[in-house]
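> Sequence:
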Amino acid sequence: MPSVKSLLLTALAGAVAVSAAPTVAAAAQNFEGKGQIRATYYQDTYEDLGCLTDQGLWTTNESLCGTFTGVTVGDYRQYTLTTAAGACYVDHISLKCGNKPADNNNTVFGIYPVAQQIGGGEAFRYGQYGLMGGVGGVYPPGPNDPPIAVKFWSSVDIDKKMVWLTWKAL
Numbered sequence: 003m004p005s006v007k008s009l010l011l012t013a014l015a016g017a018v019a020v021s022a023a024p025t026v027a028a029a030a031q032n033f034e035g036k037g038q039i040r041a042t043y044y045q046d047t048y049e050d051l052g053c054l055t056d057q058g059l060w061t062t063n064e065s066l067c068g069t070f071t072g073v074t075v076g077d078y079r080q081y082t083l084t085t086a087a088g089a090c091y092v093d094h095i096s097l098k099c100g101n102k103p104a105d106n107n108n109t110v111f112g113i114y115p116v117a118q119q120i121g122g123g124e125a126f127r128y129g130q131y132g133l134m135g136g137v138g139g140v141y142p143p144g145p146n147d148p149p150i151a152v153k154f155w156s157s158v159d160i161d162k163k164m165v166w167l168t169w170k171a172l
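Quick note: the sequence shown uses the numbering used here, first residue 3, plus one each step.
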């Protein structure tokens, strides 16, 4: 019959082995749950160039960053987004949130396959398009400038800073 000391040492060794076992947290899917949408420069530095507001406008004023709720649709590569302003959608080539017209069903987004290019994160896309830029004027906007609309990239914007829209979980 084992001694009490032997039983205690065996139990203690088992407890140490269990507590020393690594714990693996489930990785959160991008664009799922609560988060911010960040504007990430598409070349070289992948610097953070601000965020989107609740209306889907681009700003570099951190106090104006919106909170988005992403919900998967079908599989983890498609999702819908909402903010305090309402549902997010694509209107022609611009991203908007809130005041969605009843006949606009452009509300399901996807993940653009650029994770290796932007440090492991995933980027927003609609259809086959993902690279975004500001509408009119100079962008990114300055911290004291009003937020500006974002649209999918076109060749006329080549001299401006283009961005991937990425996710920052909250």
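Source of the hints: derived by calculation from the structure; they are not laboratory data.
Any given hint could be a false lead.
Cross-link-like lysine-lysine pairs, in silico, BS3-like; alpha carbons within 27 angstroms at most [to be verified]:
#	residue 1	residue 2
1	Lys170	Lys102
2	Lys170	Lys153
3	Lys153	Lys163
> Work down the list of hints and note, for each, if the structure agrees.
Hints, one by one, checked against the model:
1. Lys170 with Lys102: Holds - the C-alpha atoms of Lys102 and Lys170 are around 24 angstroms apart, at most 27 angstroms.
2. Lys170 with Lys153: Answer holds: Lys170 to Lys153 is near 20 angstroms, not above 27 angstroms.
3. Lys153 with Lys163: 12 angstroms, holds
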